[in-house]
Structure formats: structure tokens, C-alpha cells
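> Sequence:
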Amino acid sequence: MHFKKQQKEKSFRLLGNKSLHVLVFKTSLYCLCLSMFFMLFSCLQYPKHVKTNQEPYSQIIKTSYAASDVLANILKKRDFDVNCSIIAASLVNINNLKESCSLGRVISEQMSGRLSQHGFNLIEMKLRQDSIFIKQNEGEFLLSRELQNIGEAHQANAVLVGTYAVSKYVVFISVRIIQTSNNTVIASYDYQLPLDFIIKSLI
1 MHFKKQQKEK SFRLLGNKSL HVLVFKTSLY CLCLSMFFML FSCLQYPKHV KTNQEPYSQI
61 IKTSYAASDV LANILKKRDF DVNCSIIAAS LVNINNLKES CSLGRVISEQ MSGRLSQHGF
121 NLIEMKLRQD SIFIKQNEGE FLLSRELQNI GEAHQANAVL VGTYAVSKYV VFISVRIIQT
181 SNNTVIASYD YQLPLDFIIK SLI
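For the sequence shown, position 52 (counting from the first letter as 1) is numbered 52 according to my numbering, and the numbering increases by one without interruption.
None of these hints come from the bench; they were simulated from the model.
A hint or two may mislead.
Mimicking DSS-like on lysine-lysine, the simulated pairs with C-alpha atoms at most 27 Å apart in a straight line are [to be verified]:
1) Lys76 to Lys98
2) Lys77 to Lys168
3) Lys98 to Lys77
4) Lys98 to Lys200
5) Lys168 to Lys76
6) Lys62 to Lys77
7) Lys168 to Lys62
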């Protein structure tokens with residue numbers, strides 16, 4: 001009789017342990033399913049965005065204004081007459097002087113506007129790219145005769161011109177203010193822009 005009682009108690013203990021294990025398993029499975037549901041719901045609610053901080057954002061306006069400030073200070077030190085007009089031309093590709101792009105036009109317009117804030121008289125003209133520069137054998141860039149004639153016709157003593165060169169990681173910018181009468185550079189400035197996705201979209 002005592003033996004049967006022990007067997008019965010042992011059976012109850014085993015059954016209790018089994019029930020406890022089943023309960024723990026079900027609870028763990030429920031928690032796991034609940035966690036997966038919330039993770040899936042979060043992904044659906046908040047889609048993963050493409051990171052944009054891997055490349056630096058261009059500050060085209062800031063650099064254009066900084067370059068213009070330098071040119072303006074040089075012109076003022078040289079006692080350049082602010083009443084004299086300056087023709088602003090689009091920047092051209094240094095490897096192809098007949099080629100420009102949106103970046104070259106944007107920089108030219110920004111610098112033209114900034115120089116006008118300094119009191120200079122700027123004339124923006126939509127010039128053909130092949131009417132801005134001529135290239136000599138030594139690689140020197142000179143103003144074309146056509147641009148000199150345009151300057152004389154508009155009583156402009158100088159022109160704002162420039163080139164850009166695209167490398168793997170940066171774009172090199174060179175801007176000049178040149179006297180139309182004798183091709184003399186009276187002010188110049190060189191800088192660079194990171195070749196990020198904004199610049200790429202303008203080239």
C-alpha cells in the first residue's frame with residue numbers, strides 16, 4: 001500500500017514537472033512570436049532609409065560667395081572702378097573649352113550675384129562656350145577675340161571666367177577676372193568642391 005502511494009506521488013511529480021516544462025516552452029514560444037511580430041511591424045511602419053551621410057553635402061553657394069569675396073577684395077585693392085561693367089561667363093570644362101554644364105552656370109550666376117552685392121556692375125550674358133576662350137600651343141587660355149569685342153560693345157572692362165576639372169573625388173574650380181583689352185588677369189581664385197551626389201547631378 002505504501003509502495004503504491006509512493007508511485008502515485010512520483011507520477012504526480014513527473015506530471016507536474018512535465019506540465020511546468022510545457023508551460024515554460026509555450027511561454028517562451030509566445031514571447032518569441034510576439035517579438036518577431038513587433039519587429040516585422042516596425043519594419044513595415046518604418047522602412048529602412050538609405051544613408052546620406054556617407055558623402056559630404058556640397059556647399060556650392062558658400063564656396064561661390066567665398067570666392068567672390070576674395071575677388072572683390074582684390075579688385076578693390078587694385079582700385080578697380082566699380083562703375084565699369086564686368087561680363088560674367090559660364091565656367092567651362094578645362095579639357096574641352098567648348099563644353100560647360102549646370103555646375104559651371106550655377107557658379108557663374110552665384111558669383112555674379114555676390115559681386116554685385118559688393119557694388120560691382122555685372123552683366124550676365126548667355127555666351128556660346130566656344131566664344132569665351134582660345135587655347136594657345138603652350139596651353140595658355142586667352143579670351144577669344146569675339147568676347148573682347150562683346151566687352152567693348154558693352155563697355156565692359158573685364159570678364160569673369162573660369163574652368164572646372166573633374167577628378168575622382170573632387171572638382172577643381174579656377175575663376176579669373178580678366179581685362180578685355182589686354183588679357184591681363186587682375187584677380188583670381190582657386191578652390192575645390194567634393195564630388196558628392198549633388199555635384200554629380202550638376203555635371
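> Tell me if the straight-line CA distance from lysine 77 to lysine 168 falls inside 27 Å.
violated, 37 Å
> Are the Cα atoms of lysine 168 and lysine 62 separated by 27 Å or less?
holds, 22 Å
> Holds or violated: lysine 62 with lysine 77, Cα cutoff 27 Å?
Cα-Cα ~23 Å, so holds.
> Starting from lysine 76, check that the Cα of lysine 98 is at most 27 Å away, please.
violated, 31 Å
> Does lysine 200 lie within 27 Å of lysine 98 when you go C-alpha to C-alpha?
Holds, because 20 Å separates the two Cα atoms, which is no more than 27 Å.
> Are lysine 168 and lysine 76 close enough, with their CA atoms no more than 27 Å apart?
It is violated: about 36 Å lies between the C-alpha atoms, which goes past 27 Å.
> Do the alpha carbons of lysine 98 and lysine 77 lie within 27 Å of each other, as the hint requires?
Violated, because 33 Å separates the two Cα atoms, which is more than 27 Å.
Hint check: violations occur at hints 1, 2, 3, 5; the rest are consistent with the structure.
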